[in-house]
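**Q** Chains as they are written, first to last, in full-length UniProt numbering: chain A, 1 to 275; chain B, 1 to 315.
In case anyone wonders, no lab produced these hints; they're calculated from the structure. Computed from a prediction, not measured in an experiment: that's the story for all the values here. Keep in mind that a hint or two might mislead.
Just the calculated beta-carbon pair ranges, DEER-fashion [as the list claims (entries may be wrong)]:
1) F237(A) <-> L112(B): 43 to 51 Å
2) G298(B) <-> S106(A): 41 to 49 Å
3) S106(A) <-> K309(B): 28 to 36 Å
From the three backbone atoms N, C-alpha and C, an ideal C-beta is built for every residue, glycine too.
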Amino acid sequence: MFNRSKKRKAISYTVILFSSLLMLTPLVSAALNSLKSYKEYTAIPVQWIPNPFQWQNYIEVWKMTSMDTYAWNSFIVTVLSVIGALLSCSMVAYAFARLEFPFKNSLFVMVLGTLMIPPVVMIIPQFMIFNQLGLVDTLVPLWILEWLAQPFGVFLMRQAFLAIPKEYDEAAKLDGCNPFQTFVKVYLPMCKPQLATLTIFTFMTKWNEIMAPVIYLSSEDKFTLPIGILSMSGAWFGQEQYLVAAALMSLLPILIVFLFAEKYFVKGASSSGLK
Amino acid sequence: MPKLVDRVKPLKNRKRKKLSAEGRWGFLMVSPYLIQFVVFLSFPLAASLYFSFSKYDMLNAPKWIGVENYTTLIQDPVFHKALWNTFYFTILFVPAQTILALVLAVALNQSLKGLKFFRIAHFIPVICSWTVVLYVADAILNPRFGLANTILVKLGNNPQPWLSDEALIIPVLVAVAVWKGVGYMMIIFLAGLQNVPEDLYEAAEIEGAGVWKKFRHVTVPLISGTTFLVLVLTTITTFQSFEQIYVMTSHLGDVTSAGGPNNASMVLMLYLFQQGFSFLKMGYASAIAWVLFIILFGITMIQLKLQKKWVYYEK
């Protein structure tokens, strides 16, 4: 039996090492590409290691393009989305988890139901609404829906609130708190891990989002990073090493957050599959 | 016996009874969701159904034309191509990613040294935007100096054009999508595996089961619930793939070339986007959306039916 578990470990290691190699090779090659001169970038036979490392690629592409504008737009959209998701999802989830009000259950079934409708059906009328409001080609459509409680966050927070004993509610009521105060003072502080998960997940989705910016934005000074960098590729033909640098730079903030808060990414991923 | 009026009175009172304080707070606190439900979900749903029977260009009011959009769709060769490509992409991608994620999760579900590193390595592609993936994939897929062709040539084969080859493009896009998505699904499976009781494996070992038998007869049935959920969700999202195709097939940022070469990677969502937002045929695009919705609904129903045959639920 000892041999068997040893064998199992050996197989597992081989599988995982091989697969990690497949995962990381493209990233490492791209990182090396971003540090090459164009001559090295296109050299045949391939020159793997840049000589010297052109760190200035990163500085030059930042200076020569509107990347600072794109980054600022991405930042605004992401921050407003995160704030909106935290406030609205937790508030709505608290009402569903702890308060009694008419039609509560049928409303909650509707939240479930909206998950079944593919978003594609809503895209065109939603665009029409924002068009009527004069908000097309502004950043507003990219974050405003997060302020209206998206189902994923509502589920996540509702699960968290349901796990808290009801006695807290009654104690707060005796202290004269109304439901909103109970929610803010008692419940929210007890759900920090879930709030962190929701923050990270909204951050990741919004920072990387492409479809909504593509639909809603047309002026270059409104572009977010993913579509901004994409829009540079025509003009930078023949200098692709700069584009690789720009793309990797846009990954940097989220990579840093990921490395420090990996467990919340993992939690978010697993809770999205186990609902 | 009390008079009828006396019995009616309490009911009348109840009707007039005001909402309790808690009820008022409840409504107030769910109001963000109510607004979303009415303004951004129910109304769009109804509107898009109406648009799908109309000629609508955003500039003039929609004009009712009956089923014309749908009959045009049936005869539209690009729509046929997009429909086929969407199915092809989904049928390759969903099983490939699911099986690989399961294998990786099983391998990772034990006390290994460097567990955290492996998890991070598999999750980094998940946090990349598709724009990042485009330039990362170029290091491998570039026809002239990418790693894939360098290896092919070293092994004595012909270099391949990867993303500009009509026959290769969908399988290549699937491979890239698996690279990006497998870590996410692996995490979901890992969470499912953690719920499988260890003593079942021990019992199987005592009866002489090897690695494969344990996997087949303990792991697979016990996580079939998770697998089912993951399959349904991935099918739905894959059917609506847009970003990856849009980004990976726009040559030099020219978005009009997306879906190429020669529509070989045109999928339903991309076609909807082009018809609606590039050509302002919003009615036609809405019809595509509803066809997509109905197909997805059908597939989900079939998956729900089939689930009884293979998903194991503990009694």
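**Q** Would you pick out the hints that fail for this structure and give their numbers low to high?
**A** Those not satisfied come down to hint 2.
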